Each structure stands twice: as C-alpha cells, then as structure tokens.
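Please take these sequences and the hints and turn them into a complete structure.
Each chain is listed here by its residues.
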Amino acid sequence: MTVLFTMIRKEIQEHKLAFIYAPFIVALVLCAVIISVYLGLTDIQTTNFSFSTDVYDEKYKEGMLLASPEAKTAVIRAGLVVLGLPILLTVGFGLLAYSLSTFADERKDRSLIFWRSLPVSDLTTVMSKLVFIVVVIPLLVLPNLILLQLVASLSVSIYFVSNDIVPFGYVWTSYFISDWFRIIFSLWAQALWSLPIFLWLMLSGTYFKKPVIGAVVPLVALVVLEGIIFKANNVQEFIENRLGFWSRADSFPIQYEEARVVDITDVYLMITTQAFWIGMIASAVLVAGIVFTRSTNNDFTVE
Amino acid sequence: MNKDIVVKAHGVKKNYDNSYALNGIDLEVTSGQILGFLGPNGAGKSTFLQSVLGLINTEGNLEVLGLDPRRDRHKLLKEVCSITDVAVLPKWMTVDQILQYVDGVHPGFDLQKCHSILSKTNIKRSSQVKILSRGMVVQLHLSIVMAINARLLVLDEPTLGLDLVYRKEFYSQLIEDYYDGEKTILISTHQVEEIEGVLSDAVFMNQGRIVMQDSIESINKKFLELRPNRDSLERAKSLRPIHQRVELGREVLLFEDTEQEKLSDLGEVRPPFIADLFMAIMDKTKNGDNA
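Line by line, the protein sequences give chains L and B.
Residue numbers are given in the numbering used here: position 146 of the first sequence equals residue 146, and the series is strictly consecutive.
Residue numbers are given in the numbering used here: position 22 of the second sequence equals residue 1022, and the series is strictly consecutive.
Source of the hints: derived by calculation from the structure; they are not laboratory data.
Small disclaimer: the values here were computed from a predicted structure and weren't measured.
Idealized CB from N, CA, C, for every residue including glycine.
Honestly, I wouldn't trust all of these hints.
No farther apart than 20 Å at their CA atoms in a straight line, the calculated lysine to aspartate or glutamate pairs in the DMTMM-like style are these [to be verified]:
hint : chain 1 : residue 1 : chain 2 : residue 2
1    : B       : Lys1130   : B       : Asp1096
2    : B       : Lys1130   : L       : Glu14
3    : B       : Lys1008   : B       : Glu1063
4    : B       : Lys1008   : B       : Glu1079
5    : B       : Lys1130   : L       : Asp109
6    : L       : Lys16     : B       : Asp1096
7    : B       : Lys1075   : L       : Asp122
8    : B       : Lys1091   : L       : Glu303
9    : B       : Lys1091   : L       : Glu11
10   : B       : Lys1091   : L       : Asp105
11   : B       : Lys1091   : L       : Glu14
12   : B       : Lys1221   : B       : Glu1268
13   : B       : Lys1183   : B       : Asp1110
14   : B       : Lys1130   : L       : Asp105
Residues of chain L clear of chain B, computed beta-carbon distances all greater than 10 Å [unchecked claim]:
hint : residue
15   : Ile25
16   : Leu89
17   : Phe276
18   : Asp299
19   : Val302
Estimated spans, in silico, between C-beta atoms of each pair [claimed, not checked]:
hint : chain 1 : residue 1 : chain 2 : residue 2 : range
20   : L       : Asn298    : B       : Lys1075   : 18 to 26 Å
21   : L       : Thr124    : B       : Leu1111   : 17 to 25 Å
22   : L       : Pro86     : B       : Ile1131   : 32 to 40 Å
23   : B       : Asn1122   : L       : Tyr268    : 56 to 64 Å
24   : L       : Lys209    : B       : Thr1121   : 35 to 43 Å
25   : L       : Thr124    : B       : Leu1248   : 56 to 64 Å
26   : L       : Phe168    : B       : Pro1107   : 53 to 61 Å
27   : B       : Gly1066   : L       : Ile278    : 39 to 47 Å
Structure representation (structure tokens):
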C-alpha cells in the first residue's frame, strides 16, 4: 500500500500543472465570470455598443415562477452540473496528453533506467497510473467543481432572492451535498468508460518513436479497413463512444434528451451493460501489452 | 569463511540479429568481490550486466543471489542496486522528492543515512535535478545507492562523461563509505586505470566471451613487466615473454609465470597495469596464441 501511495504521490507531483493548477485556474475564471454576470459588470449598454449577459429575462423569470418546486430544483441542479463542463474538458484534454506522454517521457529522458533499477514491477507501475486516472484525478477535480458550485449558488441565490424569482431554499436544497457524491461517482464511471482510450495512448508511449503518430495511424487504418472490407464502422463508433460522456453512449440503456443530474443508479446500469465489459476486457489486454512493452523495449528514442 | 555465490553464470548467450553479444559466459562471483569487466566496445560487458539486472533475456543458466534475474527481477532488485547510465534521474523531480520516492518503494533504503551522505556534498535537497551538474547528478545517484542496504551493486560505465575530479571522488566514496567487505560490486568502465586500485578481481571480455578472469592479487603474482637494460634485451627475449611493446623508446616485455628473480637482474621489474595487461591479452587472443 505504501508503494502504491508513493507512486501516486509521484504522479501528482509530476502532473500538478495539468490536474491541480489548470482546473483550479479554469474554476477561478468561471467564478469570476459568474460573479461579474450577476453583478451586472458584463452588461454594457452605450449608444454605439450593446452587450448583455443577462441570464434571466422576463420570460425565464415568469417560467421559473410558474414551475413546480421539483422542476425549479431540477433546473438549478442541472445548471450547477453543466457549469463544471469547462473544468471537465480541461481535465479531459490533460488526461489524453498525460496518457500519451507518461511512458514516452520516461524513455525520452532515460529516467526509465532509474525507475527500472528500483524494486517496483512494471505491473505495479501501470496499475498506479491506472488508479491515478480512474480514482485520484476525479478526486483532484472535485474541489474545483465544489468551489464553482458554491460561488454560482451564492451568486444565483442573491440574484433570485433580490428579484423575487425563487426563495433562497430552492437553491440550497438537500441535494446539494449528495450531488457532489453523484459527481464523483460519475467521474469514476467516466474514467472507467474511457479507460481503453487512455491505455491505448499509454501503449503507444511505451513503444513508438513518435507516440502521437503511433497512436493515431493504426486506429485510422483500422477504421478505414473496416469500412472497406466489412462496410461497417464499429471501431469508429467504439472510439467516439469512449471519447464521449458515458451517460450519452449509444450502448447505454438510458437516452438522455436533456442534461440532468446523473444518478448513482445510472452507474449501476452502466456496469451491467455489455459495452462496459467489452471496454474492461480491452483495458485488461492493453494493460498486459503495456507491461510487456515497457519491460522489453530498450529503445529510448522518442521524438 | 565460506563465501556466498552472488552470481552464477553457465553458458550464458545473447543473440542480436544473428550475432552473439554474449557467447557462452561461464562465471562465478562470490560475496565481497569487486569485479571489473574490461573490454573494448561490443565486448559484451554491458549486455552481461543488463542480464544480471534482469533487463534482457538470455539463453543458458544465470542465477543472481539464487534467483532468475528475468523472472524474479522485482524480488531481486530489493537486494541489488545499480547505476547503469549517468544522469538518468528524472529531471523534473527535486532531490527531496526522489528521496521520498525511493524511501517509499525500497524496503532497504535508509533515508537518514542518505541525508547524512548528501550533507557532505553541495547538493541542496530542494534543488531540482535539472539544475544540477552532471557530476552532481551522479553524486546524488551514488548517495541514494549507498543508502540502500543491498548485497550486490552493478555499475555500468557509472562515470562516463564526468571530469577527473568527480570520477576520483566517485570511486573513493564507493570504497571508503560503501564497501564493507561483504558487499559485491560489478563494475564496467573504459577508464580502467582509475578503477585498478579498487578491484579485487578482473574479467577481460572480447566478442562476447571471457578471455581471462582472475584476482588482482593472482594477476600481480602471475604477470610481470620488465623494462630491460639495453644490454639485457636479448637475454630477456630468450625467456619467452608473452607480449612485447615499445614505450617512450624503451622495450617493455610482459612475462607470465616467470620467477621475479630471473628478471630482476635484467632490468626494472613491476606488476603490469591492468590496461597494459588487457592490451597484451587482446593481442595474444588476436594472434591465436591461446596456448
């Protein structure tokens, strides 16, 4: 356990820019924008220029007043979840870059020789990176989402109450804290869902001189060949699904017409789908491939 | 006192693209030996050390501390340390982060000891590796290795590219602060003259084979170098030297198993430098004079 903890701490130290600083900066920017909007700072009306970010016009205000208490709560909850998307996209791109570079960089700077001189098996190393992606990164992201939600909730509360749209209590519902748990479960589910993509990029980093080309070309070739030979596009769909949100995947039994808060039962539904287990089997094969390649490839040339 | 066998190799071969990097290595290394692997580029020194560390697959039988290095590498590395290339410490890490990491993953690492070793150097624990000089990185690496309670240390060209001061410091630190008579050290280097005083044993390699192996003590007894007086040259040659060269205009003859008394009257006698002996053995091997 100490070994795993040490290895994960190393991953956090090495990638703090992508998974601690970058999401935090995005969260701060979003907070600043939200506060500015609700303070009316982004509302500019001059004789020559007109710009408004007024989020609730009379139509919305009327709609909110007429909506049922459940509908009001649902809108607010969904809004809070959607707010975090820029942070999640930032981390998503960071994850793709991390997966591609984590094994390529240790070959490039030859630090792999040092890591290999220590009593840590290749499997432990790969598993530590897997735990980092699936478990730890969502935990690192969550505080930023919470900060953003708190700032947004506070701003919207002041705005709603001062404009008599909804009472204070609708914003600060009992769902507030439980939704944070839902978010973390959703992020873990998302990481598991997209795991084959991350592992494929890692495998490329352990083997190819040019990991980006090594990651992309075989997949493009597979998509093209499958199209020509079988007139099918299963590979392309698999990649698109895994790059997208798990709750929106075609194979997922629930089709979402609009954004809503993902429930913990949805995670259960996901792990009971065939698509999820196909992804897990693909991940296991890729892990074996990474372990084998990392332990046998002595070519340190990476461009 | 019985010495433990640390490395046992029998018929070890490694084939790369139809040419043998190792071509039937038979070797036994016991605890307490400081064994130098000497040979030209491509002799197979690094390949053998890599196979000892379990980094490559080989044919034949190879046991390190009773374990198969390839299959049990993870277990083996708890007892074996290595510096197999200079400046391979991760550049983004600080010294403290590296020490914390090694402390977390290596059961034999003594963090306090490492701090104490580092306190005698100019290396700051808050410094990032990327700002350290090449010599300091090697010094840091050696400090880490010295703080690990391992039975076998493998050094493959550990001082390559370092200036003379760092090279001297490296080996003196290794012997004074690390070697305790029980630990075993395998060293491969091109700077033979710098490790000569450090070695207990030498293995000469060429084209994937061991061409000679012996203890330094035995080599010094067995081989003698004679710089004969001008009038004794012909008499000296008649004693059948195994090798002959010219150094600064003077003939230098190398003798094997010849009594020192027979040579003392003919000129200046001394044990050969390992590098000179190595050159002589290589010439002898090249000429097919193995008898």
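Evaluation of the provided hints:
no. : hint                             : result
1   : B:Lys1130 x B:Asp1096            : holds (13 Å)
2   : B:Lys1130 x L:Glu14              : holds (14 Å)
3   : B:Lys1008 x B:Glu1063            : holds (5 Å)
4   : B:Lys1008 x B:Glu1079            : holds (16 Å)
5   : B:Lys1130 x L:Asp109             : holds (11 Å)
6   : L:Lys16 x B:Asp1096              : holds (17 Å)
7   : B:Lys1075 x L:Asp122             : holds (12 Å)
8   : B:Lys1091 x L:Glu303             : holds (18 Å)
9   : B:Lys1091 x L:Glu11              : holds (14 Å)
10  : B:Lys1091 x L:Asp105             : holds (11 Å)
11  : B:Lys1091 x L:Glu14              : holds (10 Å)
12  : B:Lys1221 x B:Glu1268            : holds (16 Å)
13  : B:Lys1183 x B:Asp1110            : holds (16 Å)
14  : B:Lys1130 x L:Asp105             : holds (14 Å)
15  : Ile25                            : holds (20 Å)
16  : Leu89                            : holds (25 Å)
17  : Phe276                           : holds (32 Å)
18  : Asp299                           : holds (13 Å)
19  : Val302                           : holds (14 Å)
20  : L:Asn298 x B:Lys1075: 18 to 26 Å : holds (21 Å)
21  : L:Thr124 x B:Leu1111: 17 to 25 Å : holds (21 Å)
22  : L:Pro86 x B:Ile1131: 32 to 40 Å  : holds (35 Å)
23  : B:Asn1122 x L:Tyr268: 56 to 64 Å : holds (58 Å)
24  : L:Lys209 x B:Thr1121: 35 to 43 Å : holds (37 Å)
25  : L:Thr124 x B:Leu1248: 56 to 64 Å : holds (58 Å)
26  : L:Phe168 x B:Pro1107: 53 to 61 Å : holds (57 Å)
27  : B:Gly1066 x L:Ile278: 39 to 47 Å : holds (44 Å)
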